[in-house]
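Undergrad: Sequence:
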Amino acid sequence: MGWDAFGLPAEQYAIKTDTHPGVITRKNIDRFRAQLQAIGFSYDWDREVNTTDPLYYRWTQWIFLQLYNTWFDSATGRGRPIRELVAEFATGLRPIPVEFSTPEKSIAWTDMTASQRRKLLSGYRLAYEVEAPVNWCPALGTVLANEEVIDGKSEVGGFPVERRPMRQWMLRITAYAQRLLDGLENLEWSESLKQMQRNWIGRSDGALVYFGLAGHSQVVTVFTTRPDTLFGATYMVLAPEHPLASVTSGRTLIPEDWPAETPDCWKYNTAKTPRQAVQAYQQWTSSRSERQRQEETDKTGTFTGIFAINPVNGRKIPVFISDYVLMGYGSGAIMAVPGHDRRDFDFACKFDLPIEQVVAQSPRGAADKPVELPLEQDGWATNSPGINDLPTAEARAKMIDLLEARGVGQRQVNFKIRDWLFSRQRYWGEPFPIVHLTDGTHVPLAESELPLELPQLTDFKPTGTMDPPLSKALAWRDISVVIEPADPAGSPHGAEHARVARPGETGIPGRREVNTMPQWAGSCWYYLRYLDPHNVRRFCDPELEKFWMHGRGIDLYIGGVEHAVLHLLYSRFWHKVLFDLGQVSSDEPFHRLVNQGLILGEAEYTAFATEAGRMVPLAEVDTNWDSRLGPDGKTQIISKSRQTGELLTGRPCPPEEIEKRGDSFVLKADSTITVDARSFKMSKSRGNVVNPDDVIRDYGADSLRLFEMFMGPLEQVKPWSTTGVEGVYRFLQRVWRNINGGDEPCRVVIPDGVGGWQLGRGPMARPLTPAEAAVATADAESILRPMHRTIRKVTGDIERLAFNTAISGMMEFNNALAKLTWIPDIAARTLLRLLEPFAPHIAEELHEQLTASAQSIMTVAWPQWDEELCTDSELDLPVQINGKLSGRVKVANGSDAETVAIAALRDEIIQQKLAGRAIKKKVYIKDRMLNLVV
RNA sequence: GCUCGGGUGGCGGAAUUGGCAGACGCGCCGGAUUUAGGUUCCGGUUCCGAAAGGAGUGCAGGUUCGAUUCCUGUCCCGAGCACCA
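In my numbering, the protein residues as written are 7 to 940.
Derived from the structure by calculation, the hints contain no laboratory data.
None of these values were measured; they are calculated from a predicted model.
Virtual Cβ for every residue (Gly too), placed ideally from N, Cα, C.
Wrong hints could be hidden among the right ones.
Each computed BS3-like pair below joins lysine-lysine, with the alpha-carbon atoms no more than 30 Å apart [unchecked claim]: (1) Lys305 with Lys200; (2) Lys200 with Lys159; (3) Lys926 with Lys896; (4) Lys305 with Lys356; (5) Lys690 with Lys646; (6) Lys404 with Lys422; (7) Lys724 with Lys646; (8) Lys273 with Lys356; (9) Lys896 with Lys927; (10) Lys159 with Lys422; (11) Lys890 with Lys926; (12) Lys666 with Lys724; (13) Lys890 with Lys919.
FRET-style restraints, in silico, Cβ to Cβ [as the list claims (entries may be wrong)]: (14) Arg412 with Ser633: 57 to 65 Å; (15) Met864 with Thr231: 56 to 64 Å; (16) Glu301 with Ile564: 35 to 43 Å.
Just need the whole structure built from these sequences, with the hints factored in.
TA: What follows is the structure, encoded as C-alpha cells:
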C-alpha cells in the first residue's frame, strides 16, 4: 500500500483549512488506512510507503539526479550517462555545437570554462531548465504540465490557465516519444488506453519543405503530412509567434508598405502598413485565452506583405499570419492547400485566395466531374507534374524523393507530445536536489546530501507572485557549497556535483532550487519501492527487482483511466530511463493493465418542467444540460426547450413514479411525459455519494466487498444499488444458516469412517440414525458433482478476473446446499474456502465453528477439482430440427453421433415434429447438441 | 470531425472456442409463516397469446446445418482527442 500524498489536492485543502499539509496528510492517511483495514484488504502492510516521507523521496530525488545526469543518444535510441557525452566532447568524437564558438575559431572542450560546459550539457540532459511559454494558473499559483490542462482549465479545480514565459524545469520526454509509442505494442492493455497514449504522443509522418522568400535569402521551413499536394499550395501561413513575423527585431523582413494591389481584406483592421497590421494582430491574438482560441474557430489573420516561392513550381504565394497555426507544432509554419484541407479552405474563402484541385477522386479523373472541395480523403494526384495519377500514398513518397533530390525538402516525423514541465511554484512537493550558482548555471547535489528535506514552513501558502513559497525559507535556500569535480570512480555517473560546505570550509555562494516537483514524481516509481521498501542503500535491490518483475514488468496493474496520459505516461518514461541506465531489468513497467470501471451513484430519473411548472417530454429538452445551485442548496439540472429556448429545470423522480413504455421511460401519472434515466458520477454536490463506512455499518464489510465484485465486469462503469447490497447480504445470511444452522439445528454432517455419519463435533456429536444416514449418503452423492463444477468455475473465474460470475457460481452452490437435508462437511468447507477471498470475515468465522480449530482458513489449501466429476454421467441433450430447438433426449455422457441420432429418432416429440420428412444431414457436436437437417 | 469502447428482460448482468439466449442477483406477482408490517421460506416472472404456438440479443442485410458471437451497411449511447498542418 502506498500513499501518494504530495501535490495540489492535499495542499489546496491545507490552505483552505489553514493547516499544515503535513498534518492533513498524516490525518488523511490514518483515516484511509483505517477504512481499508475495515474492509479487510489483504495488503502487505510491511510494504507501506509514503511519497512524502524523506526516506522515500530521497530516492525520488535520486532518480531525478539520474535524469539530470543522462542524455538521449539518438544514434542508439537510448539514454546514456552524461559522462559518456563529456568523453565524446573531450576526445573530439562529437563536435562542440557552433553557438559556443566564435566566428574566427571553433572552441575545444578543454578550452571551455566550467560555466560554458554546464550550459552546453544543459542542452542534452533529460532534466533541464529553460525559459519558455508555460501554462500558468493564477488561481493555483503555479505552472502546470500540458497533461494537467484540460480545455484551457486546470485539471485540479478547473481554474483558467494562461500562457506565460517563465524559466522552468523540463523533462525531455520527447526524446523517448518513439520508444514510448513502440513499447505499447507488446503490452496487455486495453486498446482504448493504448489509443489514448498514441494520440497524446501523436506521431505523424510527413516532410519538411523549404520555401524561399521573394527578394530575400532566408528560407521558411514548413511541415506537411501531404507533400503530394504541394502543387496546390496557394499561400503560406505562419503562427503569430513565428520569428519571421517579428516586427520588433531590427532585421524584420516585413516591408514598410503594402505591396501593390494588396486587397483590403488582407489587411488586418485595414492597417496602413503591414508592420502595423502584423503587430495589431499579434496583440489581439495574445490577448485571447487558450479557451477562446479553442472555442472560436472562425478564421482570422493578416497578410504580412511577404511572398514565398513554392519550390516545385516557382510560384509566388502570399505569406499570412493566423492563430490557426500553432507555434508549438511542426515548424510553426504551414503551406496552405485550400483544395484539400478544411481549415485552409475556410481561410481561403474568407481572404479570397485561390483554391485549386490537385487530388482527384479517380485516376485520370480530374476533369470528368466536378468534386466538392475541400477533398480531404486520399485519391489520385492531378495537376501535379511529376506525380500525376499516382495514388496518394505513392504520390506522397515520390514527392518526398523529388524534394530530397532537389535539396528543397526531406522526410520528417513529428510528435505532438511536448517536454514535461516538471517544476511547480508550490510548497508541498519534493525539493529539487539542485544548487544554482551566481554565474546562472546550476549543479546537482551530491548523492550523499540526500534526502534534501522540505523545510518546515509555517507560512506555506503561495506568495501571490510567481515566486514559490520556498523562496521565503532564506536560511534553507542560501547556502555555501563546494563543487566537487567529475570523478569517474567516486560517483556513479562521474558527474560534477555540489555539497554544502562544512564548518570552516570555504565554499562559494549557492542557492537551492525553490521550485518543487509535481505530484506525479513520487508515483512514477513507487511500484519499484514496493519490491524493497526498507532498503537504505538503493531505491530497490537489483536481485529483488529481477525476482518480482522478471524482465517483463508488473504482472497485473489495476487503475483508473484518469491516469491514461499522466501517471502511466510519466511512469513509463522514468522506467525506460532507469532501464537504459541498467537500474531495472524491464523496458516497460506495467505489463498487463486493467482499468476498473467507475461506480456511479444510484440510478436517477429526471423529469423536466418549465418555470411555470408545465411538464415537458424529453424530446423537447435540449441535450446540452447544465447545472446550477437550486433553492434547496442542492445542484439542480437545467436545460432549455428546443423549440422556445425557455429555461427548463430537472426534477428527480422516485422510481415508483416511473414506468417503461416502449424504448423510453415515462411518468406513470402521465405517459406522454418521457423522462431521462441514467446514473451520475458520485459527487458531494449531487449528494449521491455512498460512504463505505455506512455500508459496513449496515451490512458488514463482506457484503460491501461481495457486492462491489458482484455488480458486473471489473472494467465496466456501473451504478450503485442499495437493494443489490441487500441481495448479497441475504446470500451471506443463507450461507450462515446452511453451515451454522442459525435458529435451526445445524445440518452439517461428518463421515464417521465406517459408512455412517455423525452430526457435530466433540462431546456434543451424535451419530445419525441408519435412516438419517441413508439420506445423508444420498445427499453427499448428489452434491459431489455440483461441488467439483463449482470449484472449477470459481477458480477459473478468479483467474480471468470475472468475480461477478464466480460469486453467482457460489450462490448456485449454496442454493443447492440449502435443498439438502444433511450437508456433508466437505461441501461446507469447500464453499467457505472458495468464499474466503471475497468475504473473508464470515468465511473465517464459520470455518472456525465448523472445524473447531484455530487454524486460519487462509492457510487451508485451495480446493482441487476432478475433471471427471465435473460432468454428469447422463446428459439431457438438445435436439434441433433445421437449427431450431425441437426436443431433448437423455443419452450417456460421451455418446457418439449414431447413438444419439437413434435415441433422437425414437423420441416421440421429435418424430412428431419431423412429420415423416427425410433427414438430409445430421450435425452432432459431442455432448452439446444434435441438429437434424431435413 | 477523428479514434476507441459498447447496445441482450422492468434493472445490474450471464452465455469462456459459432452450438439449449436470459445463469446469478435486484425488482415485481402469487402463496406459506405472522395479530399486522418486516424477516424467512415456497412458486412464478423476456415479449405476444387463455392455450397450442409464435416472436426475440439496437436496425437492415450476408455467411453457416446453426449467429448475442463472424462479415457488410446503418442508427444510438459512452469515453478520449480535437485548428496538430
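Undergrad: For each hint, tell me whether it holds in the structure or not.
TA: Structure-based check of each hint:
1. With a C-alpha separation of about 33 Å, the suggested pairing of Lys305 with Lys200 is violated against the 30 Å cut-off.
2. Distance hint between Lys200 and Lys159 is fulfilled; the C-alpha atoms sit about 25 Å from each other, no more than 30 Å.
3. With a CA separation close to 23 Å, the supplied pair Lys926 and Lys896 stays within the 30 Å bound.
4. Of the pairs offered as hints, the one joining Lys305 and Lys356 holds, with about 7 Å between alpha carbons and a cut-off of 30 Å not exceeded.
5. Straight-line distance between C-alpha atoms of Lys690 and Lys646 comes to about 25 Å, which keeps the hinted pair within the 30 Å bound.
6. Restraint check for Lys404 and Lys422: the C-alpha separation of about 25 Å stays at or below 30 Å, so the hint holds.
7. Taking the CA atoms of Lys724 and Lys646, the gap is near 28 Å; set against the 30 Å cutoff, the hint holds.
8. For the hint linking Lys273 to Lys356, the alpha-carbon distance of about 12 Å falls within 30 Å, and the restraint holds.
9. A threshold of 30 Å between alpha carbons decides the hint, and for Lys896 with Lys927 the separation of about 21 Å falls inside it, so the pair holds.
10. Of the pairs offered as hints, the one joining Lys159 and Lys422 holds, with about 19 Å between alpha carbons and a cut-off of 30 Å not exceeded.
11. With a CA separation close to 15 Å, the supplied pair Lys890 and Lys926 stays within the 30 Å bound.
12. Distance hint between Lys666 and Lys724 is fulfilled; the C-alpha atoms sit about 20 Å from each other, no more than 30 Å.
13. Taking the CA atoms of Lys890 and Lys919, the gap is near 11 Å; set against the 30 Å cutoff, the hint holds.
14. Our hint of 57 to 65 Å for Arg412 and Ser633 holds, since their Cβ atoms are close to 60 Å apart.
15. Range check, Met864 to Thr231: Cβ separation about 58 Å, and the 56 to 64 Å hint holds.
16. The hinted range of 35 to 43 Å is satisfied by Glu301 and Ile564, whose Cβ atoms lie roughly 37 Å apart.
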